[in-house]
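Residues per chain, in single letters:
There are 2 protein chains.
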Amino acid sequence: MENKEPKMIVKTNVVRVIGENNPLRLSSGKYLAPIDIAYETYGTLNQDGSNAIFICHALSGDAHAAGYNSLDDKKPGWWDNMVGPGKGIDTNKYFVICSNFLGGCSGTTGPGSINPATQKPYNLDFPLITIADMVKVQKLLIDKLGVKKLLAVMGGSMGGMQVMQWAVDFPDFVQAIIPIATTTKLGAQSIAFDAVGRNAITADPDFQKGNYSQDNPPAKGLGIARMIGHITYLSEKGMHEKFGRQLRNADSYSYDFNSEFSIETYLEYQGQSFVERFDANSYLYITKAMDYFDLEEKYGSLSQAFNKTDARFLVLGFSSDWLFTPAQSMAIVNSLEASGKFVSYCNIQSPYGHDSFLLEPQKLGKFLSSFLDSIYEPRIIKNETKTNLKKKDIYSRLRARVDYEQIESLIECNSSVLDVGCGDGTLLVNLTRDKNISGRGIELDEQMILECIGKGLAVIQHDIEKRLSNFADDSFDYVILSQTLQTVANPEKVLKELLRIGKKVIVSFPNFAHWRCRLQLALCGKAPVSEKLPYGWHDSPNIHFLSMKDFENFCADLNIKIEKKIPITKNRLSPVKLIPNLFAEEAIYLTSK
Amino acid sequence: MENKEPKMIVKTNVVRVIGENNPLRLSSGKYLAPIDIAYETYGTLNQDGSNAIFICHALSGDAHAAGYNSLDDKKPGWWDNMVGPGKGIDTNKYFVICSNFLGGCSGTTGPGSINPATQKPYNLDFPLITIADMVKVQKLLIDKLGVKKLLAVMGGSMGGMQVMQWAVDFPDFVQAIIPIATTTKLGAQSIAFDAVGRNAITADPDFQKGNYSQDNPPAKGLGIARMIGHITYLSEKGMHEKFGRQLRNADSYSYDFNSEFSIETYLEYQGQSFVERFDANSYLYITKAMDYFDLEEKYGSLSQAFNKTDARFLVLGFSSDWLFTPAQSMAIVNSLEASGKFVSYCNIQSPYGHDSFLLEPQKLGKFLSSFLDSIYEPRIIKNETKTNLKKKDIYSRLRARVDYEQIESLIECNSSVLDVGCGDGTLLVNLTRDKNISGRGIELDEQMILECIGKGLAVIQHDIEKRLSNFADDSFDYVILSQTLQTVANPEKVLKELLRIGKKVIVSFPNFAHWRCRLQLALCGKAPVSEKLPYGWHDSPNIHFLSMKDFENFCADLNIKIEKKIPITKNRLSPVKLIPNLFAEEAIYLTSK
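Read top to bottom, the protein sequences are chains A and B. Sequence positions in the first sequence follow the working numbering and run 1 to 593. Sequence positions in the second sequence follow the working numbering and run 1 to 593.
Watch out, some of these pointers could steer you wrong.
Lysine-lysine pairs mimicking BS3-like chemistry, simulated, CA-CA at most 27 Å apart [unchecked claim]:
(1) B/Lys564 - A/Lys526
(2) A/Lys149 - A/Lys298
(3) B/Lys526 - A/Lys570
(4) A/Lys526 - B/Lys593
Calculated directly from the structure, the hints in this document are not laboratory data.
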């Protein structure tokens, strides 16, 4: 016999949040009453009510996010790999709520509910609803549960839309906003897929203008809609790796129209099993709510939409998601960052397409737990966490120490700082602790991003050369580019951008004209290798080589003002005074326009 | 009144290629007779019959590729922007044939044709057909027309599948094979889309197991299938740029289930108009033929499939095509190249997705005409064509001349040569003319690729660092890497790969230890700038800097044998003899394992 963990048994509750005589005004202007909400909770609300997390589900989800509804249940809730004791969303620590959204078909009022006016199901008489309507009703539930504030609201896909609507409509109620694999508005292609799905449902003769009986739903139409949806949830690559061109149960083609490729039968099975658990009318209402969602149009701009909230945002996307793309995640991040909100972002590498938010519990869980913990149990890390560092990384950290102290000396207290290429966030943490700065970071490495998030830093995963244009002029008191200028493709463009977005720019780089370098080339005829330039000509991440003189000429050509320079050398904390371009191994410059 | 070009009027002919008493054996083992083919021709077959081009159409195309069928016709043929006098496929020069494929619904025998056994339409009694069946019938047509050989077969999408089948089944009949935006086998995602489309058709109650009347076809089902297909033909970006979230004819949401986004109405219109011109049963048969197409499975491997042909291949893909992706085009190229076939490839930059093959007549036309001309009217270009060169390019050409002559001196006659980073192909043309080599090139720049193709060279557009692994050990007598080692990210990996695939490798690079460089760094403390290293530290495409000594140490470390070195300097044709690492501006090495 298998030795299994005991099943976590949860009950789906239903509560009336809108009574029959007190109808809710919807976005469309129509009124709806009564409204019941199905929900589940996991974990325990703590005494000061500071550990409550609300989870918003996606198109085909429901209130049953985790655990089992009974001992006989074969399948756990839809996000059971993420929500539970010791999991990414740790129910030993947090009190988690999930509810079926308005218009759904799993306990919450929707088109399948009884219309009090007719005592029959609403069907297509149910009013059209929006994401904002869903969130309005979710807030009523939270109030009803006696929860006074939320630590976080999170959700993937359409769940992420609700998450963002929470930030817009209840800006002071939530501390952390976590939209995952989502967008502030569908693009034309997604609207198109939704429209085709709806067409398939309404074209089914069993649809009967929505007045089908539960015994005879428009199964073919809903199945086709689900098949289309399912294709968009997987990546082309992931799907091909799983199914390829396998035939279901034959070695050669059947030369008839039966389903014979494994992917065909898989999709048909997905379509059929969806029909058993989902209502076709709900599908119409929900996809329409998605199509309508457009924070930009509704509020004039995204910045305007998010204007009122001071919540911290963690935006997560997945590299292979082609339904709600990384570019769409980036658009959310751009607007938040441009308006000075606290936002961290990572485009998590995953092969599973849009469904990654359900299929990457390990990777996603680390981001969620780090971010939640950084808010719920904030800490400044004094001693660095030990990780498996590569030799290159160790070197870069040792090196960093010396110039970090010098860089700190250049920065005034209470200023705003952008660290471009911030690594694990050490410098930003130091500056926050010692100078009370408000800091932000840009970094490319996923693991580094995770470390920064754990330290409570706002950090964006992005290529710095493409990132800077998002910031307005003079967005920061200081921008730091430490040991990175020599690795970017276009140093001139980068430096100009840094000087546009920062009032002052601090640049550090290894000095190529140090005497050891000069000697090696002049006397030995070899490309220099030194402690500050430790790589061979062929394996160096440095793609430009410059001396202090080169940099100073460059600044003169570009009309960049050098306010201060600190030539440094190893094992000495005080700057090099004698012929710095000959004796300094590294140089730090404070520049301005 | 508009002054228009006179309409080119063409007639669609129908010819019987299989008589009633002489049935054709199909891939499925079933027999079919009679078979009629609808076709059109444009231009005139020349006296030696060397100018005939056959065009294969895609899923929804037909024989009417170009011109108008009558003066009243409003729309020209489906590829009218490509086929005609002076166009990409110039009918003043070439004789062009296009026919509706087997199983189609535009004049060629298909499921809508009369079954002689019943005197009623076949409908689903029509046997399943394959791409190979289609091509078999196309060949019968070509024979019937008295065409003894084809200069080229070309086509996009499913047309490209037929093109490749031509190369497999009639390897000696065609000189040039041009598959465009296509694949040798559908992946799981494409099979999935096809399957959903077929499900939508067969789920339509009007489908009647295929026995619908022409007055009452399964319009909704076929319309949905077409809508799905149409989404896959456009890129997400292209679609969004064209339609975005525009509402059709309102400023605000209607809050009902009518189509309101422009993209919805556009797709529905596409679906409806398709129903008027296309037969649902044909759609089933054709998509199934596409799903079945798998050259790799059928012949053991792609190399095996293409084994018998000596035709020249031009494979073209489009950057934004997500239905038949550039990676799928690359797979065709890889197998052809690995088995030593003549193949050129370009991934044409275009925003229009899969439909680019219909929507980029200018770009695509240049590639087609250059390639066709290079075979029909071959030439070796002696004087370089004048183009608008950037300063950087001019410099690189001037520089190239000196080391080209030295490189030529290292290469034996009648050898095989791969030029990695071949530019406009000048060196390969010179070597072909002077040393009778058989050459191939790799290059990244689209315009350079086009120039190479015009010169009759086999050239692949690819990043050299990702490309080399495709070649087998010792594939070439010589591999040339001219002035490129210092620009690749990983010189060690590149050099090792070059030595794996070439018996000898010729490498040239600027010598960083030339006395001028040494002096500039040693005395002036500046990063060197010289004639051979003409860039500033910040704007150089060179990302590594190496001296002759560095390279020689590097070769010693990697056990690379230096067979010959030619240190050169400007304005002198003879090699530098005195202290080359001090006096040579550039070095050419002949190396081997």
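Checked hints:
The straight-line distance between the Cα atoms of B/Lys564 and A/Lys526 is roughly 20 Å, inside the 27 Å bound, and the hint therefore holds. Between A/Lys149 and A/Lys298 the alpha-carbon distance is near 26 Å, which keeps this suggested pair within the 27 Å criterion. Restraint check for B/Lys526 and A/Lys570: satisfied, since their Cα atoms lie roughly 22 Å apart, inside the 27 Å limit. Pair hint A/Lys526 plus B/Lys593 holds up; C-alpha atoms about 24 Å apart against a cutoff of 27 Å.
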